[in-house]
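S.K.: Read off the chains here:
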Amino acid sequence: MASQRDVRNRIASVKNIQKITRAMEMVAAARLRRAEQRIEALRPYAGAIRRMTREAAQAAGSVPRLPILVEHDNVGTVGLLLIAGDRGLAGAFNSQIVRAGVAAGREHDGEGRSPVYLASGRRPASSLSFRGLEPAQSFVGFSDRPAYADARRIAETLIAAYVDGEVDQVEVFYNGYISPISQVVRREVLLPLQQATVLEDGDDDQAEQEETGQRALVEYEPEPEEILQRLVPDYVEISIYRALLESTASEHGARMTAMRNASENAGEIIEDLTLEMNRARQAEITQEIMEVVAGAEGLA
Amino acid sequence: MARTKFQVEVLTPEGEVFKDEVEMVSTRTAVGSIGILANHTPILCMLDPAELRLYKSDSEVVHFAQAEGYMQMSGTHALILVEEAVPPGDLDVAELRERLSEAERAADRAGEDTEKQRVAQRNKQRLEAFLRIAGSE
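Protein chains in written order, with my numbering: chain A, 3 to 302; chain B, 4 to 140.
Hints are not guaranteed to be accurate.
[Unchecked claim] Pulled from the structure, derived: some chain B residues nowhere near chain A, Cβ distances all over 12 Å: (1) 56; (2) 61; (3) 64; (4) 90; (5) 132; (6) 137; (7) 138.
[To be verified] Partial chain A-side listing against chain B, Cβ under 7 Å, derived: (8) 43; (9) 46; (10) 54; (11) 150; (12) 165; (13) 219.
Hint data in this document are derived by calculation from the structure and do not stem from the laboratory.
Cβ coordinates follow ideal geometry from the N, Cα and C atoms, glycine included.
Given the sequences, and given the hints that come with them, work out the whole structure.
M.R.: Printed below as a string of structure tokens:
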């Protein structure tokens, strides 16, 4: 049986671990709140871009056939963008993305398309390398707090690869944020961009109705066709930015849950060890009494 | 001289950065410099990276280094959507220089008439505009 001192040392170390996991849980909770606010902050911008696109498309008569809207005839190469975190200790958050991405890659491979992996976050980048699926490009260092510029960098890379014909389709995998305790793996086709996505009706129909009367008078600078050439790629940037933000919120949610479980487990271990320590102490006392009694008996 | 004021809202993907009444807005569109006063004709324009100046009065001007974006003016209200709007004081010259040389290298590496090259050119343009603004501080 372990001595009292051993057990006491183990209790001390488990308590230290519990302190760390509690602190991590609280940090994750604070960051989760910030990440939720950032998802909210994107909404008015995305809505306004969508409204402008619809207006410009109406003024132009149609959406021009931009390269990113045109499907490639032969899909030979598929780009798979895996969005996860820079750090671990967040439950299944990172691994479920890698698993889904690799499974999709195998699926494409089986159907004669070669997958090309791209990673956002250190974890998916290193998991992919470990599996021998070296990512073509990794974007790291911002999973805690992605900026729009990070999304733009990823979008530019993907759009350039698509337009220059290096890939014929792009899919994105990320943890969709539902609630602090619930995240779900999302798989979306990013490129070619669907025209329906661009012109989909948002929740801002009201605003559009009001402006219908003056549309004919609106001046465009430059021509609406030219403005659309930039508005449409913005959808790719916004989609990636939203995926990054949701992934960040999911990461903090997953870490919070994982750390709460770890703290609870540590609490249970501490209870068990305390019990064990009490038993050890009792056994030692009993032993000592037996020895005293036996000694007394021996003298008698 | 006090001019008529109108409502201006500046939105970025990361949130609202400005919402107030101003006398004039000045920035750069894809066609050239533009100044907007109250009751301007309804207009939708595409903005290039530039210094965005919001004149609350002749003496009180709010500046931003602004990335690509759009401005929609509808009589009494201007909505400015930009990918980034950074107060000039927050620009990091060293970092901008580094990213600019990176973009220049990428532009040199990319083949003629590829999307990669256009992307690098756009980045170069934005970074050069930001550096000019940082330099004039």
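S.K.: It remains to establish, for every hint, whether it holds in the given structure.
M.R.: Outcome of the hint check:
No Cβ of chain A comes within 12 Å of the Cβ of residue 56 of chain B; the nearest lies about 18 Å off, and the non-interface call holds. No beta-carbon of chain A comes within 12 Å of the beta-carbon of residue 61 of chain B; the shortest separation is about 26 Å. For residue 64 of chain B, the shortest C-beta to C-beta distance to chain A comes to about 23 Å, beyond the 12 Å cut-off, and the non-interface label holds. Non-interface call for residue 90 of chain B relative to chain A: holds, since the shortest CB-CB distance, roughly 15 Å, exceeds 12 Å.
With a cut of 12 Å on Cβ distances, residue 132 of chain B stays outside the contact zone with chain A, its closest approach being about 14 Å. Under the 12 Å C-beta cut-off, the non-interface status given to residue 137 of chain B relative to chain A holds; the minimum distance is some 16 Å. With a least CB separation of 20 Å from chain A, residue 138 of chain B remains clear of the 12 Å interface cut-off, as annotated. Taking 7 Å as the C-beta contact cut-off toward chain B, the hint placing residue 43 of chain A at the interface holds, the least distance being around 4 Å.
The criterion of a C-beta within 7 Å of any C-beta in chain B is met by residue 46 of chain A, whose closest approach is roughly 6 Å, and the hint holds. About 6 Å separates the beta-carbon of residue 54 of chain A from the nearest beta-carbon of chain B, less than 7 Å, and the hint is met. Proximity of residue 150 of chain A to chain B holds as hinted, the smallest CB-CB distance being about 4 Å (cut-off 7 Å). The restraint placing residue 165 of chain A at the interface with chain B holds, with a minimum CB-CB distance near 4 Å, inside the 7 Å limit.
Taking 7 Å as the C-beta contact cut-off toward chain B, the hint placing residue 219 of chain A at the interface holds, the least distance being around 6 Å.
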